[in-house]
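Asks: Given next are the chains, with one letter for each unit.
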Amino acid sequence: MTRQPADNLNKQRFDEIVLPHLADALSLARWLTGNAVDGEDVVQEAAIRAYTAIATFRDGSAKAWLLTIVRNTAFSWLRKNRPKALLVTDDAAIFEQAQYDGPSPEAALIAKADTRSVQDAIAALPIAYREIIVLREIDELSYREIADVTGLPLGTVMSRLSRARGLLLERLGGAVRKQGAA
Amino acid sequence: MADTYILAPEDAVLLNAYLDGELDRATRAQVERRLGTDAGLCAEHERLMALRQALAVGLHKEAVSDRLQTRIAAIGAPARTARPMDRERGFNWRQMAATVVLTAGLSSLLTWQLSAPDVSAIAPAALVAVHQHALLAANPVDVQSTDRHVVKPWFDAHLALSPPVVDLAADGFVLLGGRIDGVGGRSVPVMIYRHREHLVSLVAVPVPGARDAGAAAIRMTRDGFTMLTWAAADFDFAAVADIPNAELEFFVAKVRQFDK
Numbered sequence: 001m002t003r004q005p006a007d008n009l010n011k012q013r014f015d016e017i018v019l020p021h022l023a024d025a026l027s028l029a030r031w032l033t034g035n036a037v038d039g040e041d042v043v044q045e046a047a048i049r050a051y052t053a054i055a056t057f058r059d060g061s062a063k064a065w066l067l068t069i070v071r072n073t074a075f076s077w078l079r080k081n082r083p084k085a086l087l088v089t090d091d092a093a094i095f096e097q098a099q100y101d102g103p104s105p106e107a108a109l110i111a112k113a114d115t116r117s118v119q120d121a122i123a124a125l126p127i128a129y130r131e132i133i134v135l136r137e138i139d140e141l142s143y144r145e146i147a148d149v150t151g152l153p154l155g156t157v158m159s160r161l162s163r164a165r166g167l168l169l170e171r172l173g174g175a176v177r178k179q180g181a182a
Numbered sequence: 183m184a185d186t187y188i189l190a191p192e193d194a195v196l197l198n199a200y201l202d203g204e205l206d207r208a209t210r211a212q213v214e215r216r217l218g219t220d221a222g223l224c225a226e227h228e229r230l231m232a233l234r235q236a237l238a239v240g241l242h243k244e245a246v247s248d249r250l251q252t253r254i255a256a257i258g259a260p261a262r263t264a265r266p267m268d269r270e271r272g273f274n275w276r277q278m279a280a281t282v283v284l285t286a287g288l289s290s291l292l293t294w295q296l297s298a299p300d301v302s303a304i305a306p307a308a309l310v311a312v313h314q315h316a317l318l319a320a321n322p323v324d325v326q327s328t329d330r331h332v333v334k335p336w337f338d339a340h341l342a343l344s345p346p347v348v349d350l351a352a353d354g355f356v357l358l359g360g361r362i363d364g365v366g367g368r369s370v371p372v373m374i375y376r377h378r379e380h381l382v383s384l385v386a387v388p389v390p391g392a393r394d395a396g397a398a399a400i401r402m403t404r405d406g407f408t409m410l411t412w413a414a415a416d417f418d419f420a421a422v423a424d425i426p427n428a429e430l431e432f433f434v435a436k437v438r439q440f441d442k
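Chains as they are written, first to last, in my numbering: chain C, 1 to 182; chain V, 183 to 442.
Since the hints were derived computationally from the structure, they do not count as laboratory data.
Just so we're clear, the structure is a prediction, and the values are computed from it rather than from any experiment.
Glycine residues also receive a C-beta, built at the ideal position from the N, C-alpha and C atoms.
Among the hints, erroneous ones may be present.
Dumping the calculated SDA-like pairs for lysine to any residue here, alpha-carbon to alpha-carbon at most 25 Å [unchecked claim]: (1) V:K243 - C:D41; (2) C:K63 - V:D405; (3) V:K243 - C:R13; (4) C:K112 - V:A199; (5) C:K63 - V:A238; (6) C:K63 - V:T408; (7) V:K243 - C:R49; (8) C:K112 - V:Q235; (9) V:K243 - C:L9.
Not close to chain C: a few residues of chain V, all C-beta gaps over 10 Å, as computed [as the list claims (entries may be wrong)]: (10) L197; (11) D202; (12) T209; (13) R210; (14) A211; (15) E214; (16) A221; (17) H315; (18) W336; (19) A352; (20) G364; (21) H377; (22) R378; (23) N427; (24) K436.
Covered by chain V, per the in silico footprint, the following chain C stretches (three or more residues, Cβ under 8 Å) [to be verified]: (25) 12-18; (26) 22-30; (27) 58-66; (28) 71-79; (29) 152-161.
Could you put together the complete structure from these sequences and hints?
Replies: Structure (structure tokens):
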């Protein structure tokens with residue numbers, strides 16, 4: 001009514017582009033920061049950034065666009081509040097070994113994993129792998145979209161996803177075996 | 183656990199891409215042929231399928247709290263600056279009530295412009311919730327009548343508010359009656375219509391002194407419901423339903439036509 005037309009339009013675009021994907025945004029922020037409370041702060045800050053940048057959104061996936069902003073906001077937040085979480089631990093060789101050596105857990109064992117074990121296993125992943133898993137498994141992005149959101153080459157996305165799942169298999173196999181022995 | 187087979191990393195990547203539906207048809211067929219003959223690949227396929235099952239059980243999309251939804255929906259809303267890390271509710275009804283009192287005293291246009299709240303400042307979640315209450319209630323209406331001359335006085339008597347109540351039976355929207363619901367801690371009138379087998383909630387949020395500037399309704403969707411909001415004389419309206427967008431727009435056009 002009394003607002004400038006441009007403000008009205010921006011608000012409308014914000015409501016259409018951002019509001020439908022808040023659960024996806026919160027899921028990514030929660031797994032990057034490590035908890036839901038910090039995740040909410042990151043999502044709110046990302047939403048404000050999205051609002052100010054709303055005119056730059058053209059076509060394509062609104063979800064991927066928003067998640068790119070959420071990811072950048074989360075990494076800024078981590079640099080400021082949890083610098084240790086960003087220590088580079090993604091030595092490719094180590095993780096390839098982790099996946100391809102040692103006994104492979106049986107599928108039946110993995111399928112029995114409970115919620116707690118699954119969440120612990122995800123939380124234990126180095127952040128470079130954790131973000132790929134969350135973008136794929138919760139946010140359901142395609143490989144191409146994950147590459148766009150993270151700024152990684154497609155091939156890196158594919159190998160990281162493969163390694164991340166290998167690590168989860170390892171951890172879940174171990175966790176379930178331990179439970180069985182106890 | 184004597185599985186000593188070591189899968190080549192590139193085969194693992196291929197298998198993951200296969201399971202994620204990211205391969206073209208020819209490569210997919212190739213992987214499927216190999217799965218029939220390669221025991222190691224087949225075992226890894228089973229493990230990845232089992233992992234998918236475990237993740238489906240243990241990993242969920244986060245639920246967005248009403249509080250967060252309200253805070254974010256308020257971003258860009260007028261007459262309020264969204265602050266980062268603000269843990270307060272996004273829309274302050276007490277503040278609005280104060281400005282309404284002020285408006286009552288000073289009817290100047292300027293005062294009105296400063297105090298004008300609008301429906302877009304209310305969390306869409308709260309408005310959709312009103313519709314969900316109607317769907318969940320044993321009876322969607324508090325006053326049951328297809329006669330607008332019954333429904334309108336009922337609101338007058340119960341809320342001291344007189345929202346426009348429109349009879350749209352000829353257009354396929356049958357008035358079922360009215361109910362009172364809460365939005366942001368405040369009682370608001372809701373008109374309930376039936377369209378085919380669907381309910382349509384028309385929420386009227388009082389905005390004393392507001393005029394209809396004829397601005398187009400704003401559409402948003404949430405939880406599978408479509409909502410159209412617009413500002414009219416004395417009320418901001420939200421129409422919520424799970425009917426096709428075109429039908430809801432038709433409904434809104436008819437309501438606005440009558441309201442003029």
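Asks: Taking only the CA atoms, is the gap from K243 of chain V to D41 of chain C under or equal to 25 Å?
Replies: holds (17 Å)
Asks: Can you take a look at whether the segment 71-79 of chain C is actually covered by chain V? Rule is 3+ residues, C-beta closer than 8 Å.
Replies: The restraint on the segment 71-79 of chain C is violated, since only 0 of its residues have a Cβ under 8 Å from chain V and three are required.
Asks: Compute the least Cβ-Cβ separation between E214 of chain V and chain C, then decide whether it is above 10 Å.
Replies: holds (18 Å)
Asks: Quick check for students: does the CB of N427 of chain V sit more than 10 Å from each CB in chain C?
Replies: holds (12 Å)
Asks: So if I understand the rule, the pair passes when the alpha-carbon distance is 25 Å or less; does K243 of chain V with L9 of chain C pass?
Replies: Answer violated: K243 of chain V to L9 of chain C is near 30 Å, above 25 Å.
Asks: Test the statement that A221 of chain V is away from the interface with chain C: the closest C-beta pair must be farther apart than 10 Å.
Replies: The claim holds: A221 of chain V sits with its nearest Cβ about 12 Å from chain C, beyond 10 Å.
Asks: Quick check for students: does the CB of A352 of chain V sit more than 10 Å from each CB in chain C?
Replies: holds (31 Å)
Asks: Would you check the hint for K63 of chain C and D405 of chain V, treating anything up to 25 Å between C-alpha atoms as holding?
Replies: holds (16 Å)
Asks: Does the alpha-carbon distance linking K112 of chain C and Q235 of chain V stay inside the 25 Å limit?
Replies: holds (9 Å)
Asks: Would you check whether the claim that A211 of chain V is not at the interface survives, using Cβ distances to chain C and the 10 Å cut-off?
Replies: The claim holds: A211 of chain V sits with its nearest Cβ about 19 Å from chain C, beyond 10 Å.
Asks: Confirm or reject the statement that T209 of chain V sits farther than 10 Å, beta carbon to beta carbon, from all of chain C.
Replies: holds (13 Å)
Asks: Hey, does K436 of chain V actually stay past 10 Å from chain C on C-beta?
Replies: Holds, because the least Cβ-Cβ distance between K436 of chain V and chain C comes to about 22 Å, which exceeds 10 Å.
Checked against the numbered hints given earlier, the structure breaks hints 9, 10, 11, 27 and 28 and satisfies all the rest.
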